[in-house]
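A.B. asks: Using the hints, position chains B and C with the ligands against chain A.
Chains as they are written, first to last, in my numbering: chain A, 5 to 301; chain B, 5 to 350; chain C, 131 to 390.
Check the hints yourself; a few may be wrong.
As the list claims (entries may be wrong) - Where chain B lies over chain C, by a calculated footprint (3+ residues, C-beta under 8 Å):
{"no.": "1", "region": "215-221"}
{"no.": "2", "region": "247-258"}
{"no.": "3", "region": "334-343"}
{"no.": "4", "region": "358-372"}
Claimed, not checked - Here are the in silico distance ranges between beta carbons for each label pair:
{"no.": "5", "chain 1": "A", "residue 1": "G268", "chain 2": "B", "residue 2": "E88", "range": "57 to 63 Å"}
{"no.": "6", "chain 1": "B", "residue 1": "A18", "chain 2": "A", "residue 2": "I262", "range": "55 to 61 Å"}
{"no.": "7", "chain 1": "A", "residue 1": "T184", "chain 2": "C", "residue 2": "H361", "range": "22 to 28 Å"}
{"no.": "8", "chain 1": "A", "residue 1": "P267", "chain 2": "B", "residue 2": "I105", "range": "31 to 37 Å"}
{"no.": "9", "chain 1": "B", "residue 1": "I105", "chain 2": "A", "residue 2": "R129", "range": "28 to 34 Å"}
{"no.": "10", "chain 1": "A", "residue 1": "T290", "chain 2": "C", "residue 2": "H275", "range": "45 to 51 Å"}
{"no.": "11", "chain 1": "C", "residue 1": "G147", "chain 2": "A", "residue 2": "T290", "range": "47 to 53 Å"}
{"no.": "12", "chain 1": "A", "residue 1": "G268", "chain 2": "B", "residue 2": "L126", "range": "21 to 27 Å"}
{"no.": "13", "chain 1": "A", "residue 1": "R129", "chain 2": "B", "residue 2": "V122", "range": "17 to 23 Å"}
{"no.": "14", "chain 1": "A", "residue 1": "T290", "chain 2": "C", "residue 2": "S332", "range": "45 to 51 Å"}
{"no.": "15", "chain 1": "C", "residue 1": "S328", "chain 2": "B", "residue 2": "K346", "range": "42 to 48 Å"}
{"no.": "16", "chain 1": "C", "residue 1": "L210", "chain 2": "A", "residue 2": "T290", "range": "26 to 32 Å"}
{"no.": "17", "chain 1": "A", "residue 1": "G268", "chain 2": "B", "residue 2": "A18", "range": "52 to 58 Å"}
Unchecked claim - Each computed BS3-like pair below joins lysine-lysine, with the alpha-carbon atoms no more than 25 Å apart:
{"no.": "18", "chain 1": "B", "residue 1": "K344", "chain 2": "B", "residue 2": "K328"}
{"no.": "19", "chain 1": "B", "residue 1": "K10", "chain 2": "B", "residue 2": "K346"}
{"no.": "20", "chain 1": "B", "residue 1": "K10", "chain 2": "C", "residue 2": "K258"}
{"no.": "21", "chain 1": "A", "residue 1": "K217", "chain 2": "A", "residue 2": "K135"}
{"no.": "22", "chain 1": "B", "residue 1": "K89", "chain 2": "B", "residue 2": "K348"}
{"no.": "23", "chain 1": "C", "residue 1": "K345", "chain 2": "B", "residue 2": "K11"}
{"no.": "24", "chain 1": "C", "residue 1": "K240", "chain 2": "C", "residue 2": "K191"}
{"no.": "25", "chain 1": "A", "residue 1": "K125", "chain 2": "A", "residue 2": "K173"}
{"no.": "26", "chain 1": "B", "residue 1": "K7", "chain 2": "C", "residue 2": "K191"}
If you're looking for bench data, these hints aren't it; they were derived computationally from the structure. All of these numbers come straight from a predicted model, not from anything done at the bench. From the three backbone atoms N, C-alpha and C, an ideal C-beta is built for every residue, glycine too.
The chain contents come next:
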Amino acid sequence: MNFQIFMQQLINGITLGSLYGLVAIGYTMVYGILRLINFAHGDLLMVATYAVIYSMALFMLPWYLSFPLAILFTGLVGILLDRVAYRPLRNAPRISLLISAIGASFLMENLALVIIGGVPKPFPRPSLFDKVVDLYGVKIQVLTIYTPLTTIVLLLGLLYIVRYTEVGKAMRAASRDFETTRLMGINLDRVIALTFLLGSSLAAAGGIMWAMKYPQVNPFMGIIPGLKAFIAAVLGGIGSIVGAVVGGFLLGIGEVLIVAIFPGLAQYRDAFAFMVLIFLLIFRPTGIMGEAIVDKA
Amino acid sequence: MDKGLKKTILNISAIGLLFFALWLFDRYGTEYHVRILNNIAVFIILAVSYNLVNGICGVLHLGPNAFITIGAYTSALLTMSPAEKKISFIIEPLIWPLSVIQVPFWMSLIIAGLVSTVFAFLISYPVFRVRGDYLAIVTLGFGEVVRVLCNALQGVTNGPLGLKGLKPYTNLWWSWAIAVITIVVIQRLINSSWGRAMKAIREDEIAAKAMGIDPFRHLLMAFLINAFFSGVAGGLLAHLITTISPTLFTFFLTFNLLMIIVVGGLGSTTGAVIGATLFAWGSEALRIVESPMQIGSLYIPGIPGMRMVIFSVILMVVIIFARKGIMGQREFSWDWVFAKIKRKHT
Amino acid sequence: MGQIFFQTQNLTMQFGGLVAVHNFSIKIEPHEIIGLIGPNGAGKTTVFNMITGNLIPTSGKIIWLDRDITALQPHYITTLGIARTFQNIRLFGNLSVLDNVMVSYHHRLKSSFWDAMLRTRRYRSEEKHIREEAFRILTMVGLDHFAREPASSLPYGQQRKLEIARALATNPKLLLLDEPAAGMNPQETLELARFVRSLRDSFDLTLIVIEHDMKFVMGLCERIVVLVYGHTIAEGRPEDIQHHPEVIKAYLGEKRHARY
Ligand SMILES: Nc1ncnc2c1ncn2[C@@H]1O[C@H](COP(=O)(O)OP(=O)(O)OP(=O)(O)O)[C@@H](O)[C@H]1O
Ligand SMILES: [Mg+2]
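Excised from the complex, chain A in its bound form:
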């Protein structure tokens, strides 16, 4: 493999990884507070892409209006998800919460199937992103550059919110000690709603960029990226926002490079992430940047 191809693949990996990272942030944030894997999180990718398609096709909105609207819409769907599927179960056994999450995921997918149909739709990628630049002989689609940059900008924005604003501080307090935060008089339901809003919006951004990269969208498109993003979140250490993005990059790059170096393994590509997960759980269940999970007696 020569240098050009290697760079090409590396950049592909970074792009893919940044998408995983964006989606992983939502898992990590929700897990931090509710200790719940939001199974339906991956499906928000799908919601966002359909929101874009419809707003552009039906209301003829230009992409620069349609994208933010779709992101906002998906954020609201995230809040609705919490309100309907999770909030009634705050004091229920964990297994119920998880089952509700799985139910919500299937509901979203199949509702989309019923409303929109199963035929994959092309995603109207703005031609702006089609351009190809030549960097020292490495041909790169501009999209592959914009994607990681957008991810980094969004990550910095999120970190600002979490570290320096009142709500951000409340979120961090809630993820450290749910009960005490409640006792301190903070409205936890609002904090949680905000967490869902932020996490889902980022997933929406990830979904839109995903659809620009792989412009065939269908009701089940969110499942696999969702699962992989979850693994990225575990890899980075669940609960850590920076960890989620780091995990996303590692997973994306690893996935692309393994196939690039050993083309014979291409068929096994989708199994790679799960192998990572299994080895992680055996050797370092806390991930790269996570803290130890203690067994409180």
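C.D. replies: Structure of chains B and C with the ligands alone, referenced to chain A:
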């Protein structure tokens, strides 16, 4: 008469009655009825043994579809004749010795169960190092890995082409006999000291450990038993559908099983049986919502996905508003029947 | 040199920056009743968690019957003869009161899995024996009338008794009680003290008891260890502890929010 003896007699008569009814259906029933009855039996096997892990031990295992797939492929490869295999495997020939082995159906089912159990054992260590959401994802991931392997290992599975033209060995006798065996085995286990230990782990794992119970051993036991029956059921399904492929038993199937045991009542074998019956019957009945309809001059096109929408709504409504499902953790018992009869007569 | 019955050597538990227990050393002889007291957050429960394997000590050693049991698995430690109750009651809520106790016999079951599945005579007689034994223990703690009720339906005080019954059923030589009198009125507390003492004699037990109720501890225990912020500040007979200046200081300092 001694109460235990009386119950044994009642149990045996109930089973006798069941098989008499099956005989009637076998002779006089339509193909439609026979199909539903077979489905009910297979779902009973799957749900009752799945409930052992999810309802009795209280861990969320999301990978039974993996073991069903493994069982289905194992059993199918063992019943096909060497000649059939040679014709089917066109891309890559089937590896030796699978290419020459052929065993009777019953033996293929047992081996299917055992092979599934071996796979379950191999992944048990990472699975039970974690709990809760993580365990759910690892088992779910295993299902994905199995699907990828089925596609990729063409020399064993024939890749995406799958296996076609299996003999329809599965009939009412096989499926229901195994369903009855499953219920008896699982019930005996649940009502033993081992079952009690499993329930203790479900209720409070830390306390169970403090009472001297090793969670890993007991969870593993439940997991392996579930894998065994899932494998057997996979073999039954393969010879019922007669065509299998890597995308046949996906997470959808697991979702359906989960819905069955949640609606029936997590932790109740009776509930799992009721749930399986309702599901197998209901999903046939609900086919109409997905097929086009002509009411007078009104034409309603079929809506694919509608059944799953209905099922996911049912699952969520039950888990949010009626968490105990139909049976809660209760079981059917003759004592309960006696009490009912007595009350009516006095 | 005789056998070491139970001993901890410089047990230390650190949670991040917090040293919850610092160099905790104690030696216990068979048949003793030890009291472990100290203000909230002193590290008492943490000591229990280390002994029973729920927490792995940052450093230090636990010796039980001449054997180093530090960091062994909790269920294994139970089979070696150390049982405990939990401060924040941890019953098997949906199981019957009787089943709660019967669970504790499982680790000593002699019948094999196949005996159980085939319901052999051996298994049936063992199950029957366990049932009778469990009933006997329930009768002792006065819960036999509730045997068929789900454990979660018991009133608080009875739940504490069930915790003790369940721990006893594991057949311990050393029993650790974490605030057994919490939530009981003075009358019940008095009865409990009498009961614990009778247990010691009839089951040949050694006990370590954590309790905030001074009257209970002073009346029951033969030796008391006082923990404050993870440090052992005093150890001795009840009458000495009562007059120990440091103990008085520690307790007066936090009297206002002792218990609950
Ligand atoms: N698993 C844990 N992780 C982190 N900190 C812990 C853990 N367990 C206990 N602690 C901390 O260690 C300190 C000692 O706690 P411990 O429960 O042992 O106190 P205690 O003496 O039993 O108090 P109480 O009388 O309130 O029961 C406390 O500050 C507690 O917050
Ligand atoms: Mg304590």
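A.B. asks: Decide, hint by hint, whether the structure agrees.
C.D. replies: Hints versus structure:
no. : hint                        : in the structure
1   : 215-221                     : holds (count 3)
2   : 247-258                     : holds (count 4)
3   : 334-343                     : violated (count 0)
4   : 358-372                     : violated (count 0)
5   : A:G268 x B:E88: 57 to 63 Å  : violated, 29 Å
6   : B:A18 x A:I262: 55 to 61 Å  : holds, 56 Å
7   : A:T184 x C:H361: 22 to 28 Å : holds, 26 Å
8   : A:P267 x B:I105: 31 to 37 Å : holds, 33 Å
9   : B:I105 x A:R129: 28 to 34 Å : violated, 52 Å
10  : A:T290 x C:H275: 45 to 51 Å : holds, 48 Å
11  : C:G147 x A:T290: 47 to 53 Å : violated, 18 Å
12  : A:G268 x B:L126: 21 to 27 Å : holds, 23 Å
13  : A:R129 x B:V122: 17 to 23 Å : violated, 47 Å
14  : A:T290 x C:S332: 45 to 51 Å : holds, 46 Å
15  : C:S328 x B:K346: 42 to 48 Å : holds, 43 Å
16  : C:L210 x A:T290: 26 to 32 Å : holds, 30 Å
17  : A:G268 x B:A18: 52 to 58 Å  : holds, 56 Å
18  : B:K344 x B:K328             : holds, 22 Å
19  : B:K10 x B:K346              : holds, 16 Å
20  : B:K10 x C:K258              : holds, 20 Å
21  : A:K217 x A:K135             : holds, 13 Å
22  : B:K89 x B:K348              : violated, 61 Å
23  : C:K345 x B:K11              : violated, 55 Å
24  : C:K240 x C:K191             : violated, 32 Å
25  : A:K125 x A:K173             : violated, 41 Å
26  : B:K7 x C:K191               : violated, 55 Å
In the structure shown, a violation is registered for the earlier hints numbered 3, 4, 5, 9, 11, 13, 22, 23, 24, 25, 26, in ascending order.
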